[in-house]
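**Q** Now for the letters of each chain:
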Amino acid sequence: MRSENQSIEDRESRIAILHHLSSILKLLSAFILLTSSLLTSSLFSAQQADLEDQARQIAAELRCPVCQNLSAGDSPSELAQQMRALILQQLKEGKSRDQIKAYFVSKYGDWVLLAPPAKGFGLLVWVLPYVVAAAGIVLVLLAVRRWAGRKERREPVAVEPSLIAQVKRESVIEASPPTELESGSPRAELLQEQARLYADMRELDFDYRAGKLSETDYQDLRNALETEAAVVLKKLELSPARHAAAPKASETRSAAGKQTVATEKASRPGWRLVAGGAFLLLFGITVGVLLTKSVRPRGSEQDSMTGDFLTGTGPGGIGSSSGMAGMEMKGPLSKDLPALLTQGRAAYEKQEWPKAIDAFKNALALDPNQPEAHTYMGLILAQAGHADGALMAFDRALSADPKFPLALWGKGMLLYRAKEDLSGARDTLQRLLQSMPPGAEKDQLQKTIAEISERASRQKGDSKKAATGASPPLSQGIRGTITVDPKLKSKIDGQLVLFIIAYSAGSTAGPPLAVKKIEHPVFPLTYALGPESVMMPGLSLSGKVRVTVRLDKDGNPMTKEAGNLAGEFKKNPVAIGSQNVDIVIDRVL
Amino acid sequence: MAWRRVLITLAVILPLIGILAYGFMRDPRYINSPLIGRPATPFTVTLFDGNKLTLADLRGKAVFLNFWASWCPPCRAEARELEAAWQRFKDSDVVFLGIDIQDTEEDARAFLREFNITYPNGRDLSGKVAVDYGVWGIPETFFLDAQGRITYKHVGSLGSALIIAKLDEARRGIVSTKEGKGAYSSVR
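So the protein sequences, as listed, match chains R and H. Here the first sequence stands for residues -11 to 577, where the numbers follow our numbering. Here the second sequence stands for residues 36 to 223, where the numbers follow our numbering.
Chain R extracted, bound-state conformation (with noise of 0.2 Å):
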């Protein structure tokens, strides 16, 4: 009993530690695992970090293309983002940095590298700064020599002996200094630095004769001094006004020697100075030119501070600039927008074009997005011949305010008239249709719309003839326009398509005889279903029809979802051949 017993609590004992080891097992297992994938992950991650690392590193190497003195590291534009990803993505695929650097270089050219490379025009910016230092280097050590080499040139050199004898001779006599000569001509200068050795050399005879001097430094001091004043002395002989050597001489100078000195003394420094003077302001004109030509206000973030007359690049801000500076010429008065309206306006109705010009101008000075002086910039521009330009101030004008009435027209009728482009006038027109007032005014816009509706079908009749050589006969086919019931037209999104589908009248299952697909459709929209859009190669159309229309979501024909929208011909069956089978888009699915 006992025995069995313990057998039993045996048994239970290992059991319960088998279970103990699997569960430590099992635990250990996980762990690992946690452990291998944690590790597995920490190294991808942190070979993702590097790779991110690298390619911040090479978009810091490269000029973001949209950007002033920015990297496509630092660039926070759309392009730079792009290119980094570029990077990265070339990096991942195990592109070299100079490989990379070297495919932006191939599409961009050498200017994409912050670094230009030292080659061609680059060189000189890699060499440049060395060869200036350089030069300044040499430029300085010139300059010492210079200064040392003046001191040198008063150690004692060789001279006549005979121009020492005139040095003695007439050093003792005192003269009076040359005070009409102070300062001035070389001359002049030669003929001081003369006067002062003289009185050096007498100074030094006096202290000799007072015993504060031995007789050998006298005798040195004094052969320098004579020495120095004999170099004076043959430079005084070799100077143009030999005659007036000596100071002696000065006070016998005739008349005319002294007006030569004196204009050569006013004369030389005047004319430095006036040449300065006309450089100076040469420089600072052409800088001030420059600058005021070549910076402009940024119109936005993305525009250029340089621009227009040097780079060519027109414009930032149209009206910013200029009409600012019309409006500063014309002082106070104009600084009211309603009242340049209306003076506009005015202007306009007589006639006037360069004071209505100024007017809507100093308007769009004060508001660039006021519409009704954009459009009249327009009208006046379209009157002017200046088609694109009128469309695009038409185009400001709708962009401010979609609905401006007088934009919509100007531009339904200039890309009428001008542009030739039918469809567009007629959109345009169409949009000014539906918030005009009835009236008068709205039916001749009908009217106006009906005949562009007109043009165009005539001209897409022409067109396919020339394009498909004959135009199908009428006989083969069936024409009309198709319209949307109003109360749909919210439901309308561009995004739709139309199906314009023939079934044959006498079954009323199985496939349409003929479908045509019309991408994006422009309600009123005139069509013509012929035998090129036939199914089933040849079936031909003829005999009766039934009509109807879909505009549909997806563009699948074979499908027919909730909230397509449909219309048929209310005449339905119809003969092959009819014109005028004008369809209403009516239903919802």
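A hint or two may mislead.
[Claimed, not checked] Using 16 Å as the maximum straight-line C-alpha spacing, the simulated EDC-like pairs for lysine to aspartate or glutamate come out as follows:
1) Lys163/H with Glu556/R
2) Lys163/H with Glu81/R
3) Lys541/R with Asp84/H
4) Lys407/R with Glu149/H
5) Lys407/R with Glu116/H
6) Lys281/R with Asp62/H
7) Lys89/R with Asp167/H
8) Lys505/R with Asp84/H
9) Lys407/R with Glu118/H
The hints are simulated quantities; they were obtained by calculation from the structure and are not laboratory data.
Assemble the complex: chain R is given as a structure, and chain H must be docked to it using the hints.
**A** What follows is chain H alone, placed relative to chain R:
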């Protein structure tokens, strides 16, 4: 002595003024493309109608490749001219292809609708195609000959006269030496 000094001063200052003037006279953001005369990089785009178009499939035809965005005013300015040119050339051995960059699909579709553009257009979502063609300002247009070589590049809006002339050159395989320039706006 004085004359020499003036000459030396001028010799130092004039080149400096020259460099300054050169710097002012350039648009620092204008990039001369190195791609003219080189083979066009192959790509595949998904067109707005859902089909895929591969450039290599157009070998044998001259290609008019236009990069645009709905927010760019010069692109708007040229849109009508481009469509008119397409209508003129569509029955000949010329293919027009528009690539919309940095744009939303909705805006791009509205743009195509507004100008009734019928030639194939696709979107470059990653910017890879744009970078492959060194695009930095739009509109940018590349003319490719039948061998897929870039014969001409134009930055800025195009007029019909230039389109006709350059397409004619592309069809005959004549490579221009320099790119052309009109009004453009910078890529974002």
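**Q** Confirm or reject each hint.
**A** Do the hints match the structure? See the list:
no., hint, in the structure
1, Lys163/H with Glu556/R, "violated (47 Å)"
2, Lys163/H with Glu81/R, "holds (15 Å)"
3, Lys541/R with Asp84/H, "holds (13 Å)"
4, Lys407/R with Glu149/H, "holds (15 Å)"
5, Lys407/R with Glu116/H, "holds (10 Å)"
6, Lys281/R with Asp62/H, "holds (14 Å)"
7, Lys89/R with Asp167/H, "holds (13 Å)"
8, Lys505/R with Asp84/H, "holds (13 Å)"
9, Lys407/R with Glu118/H, "holds (13 Å)"
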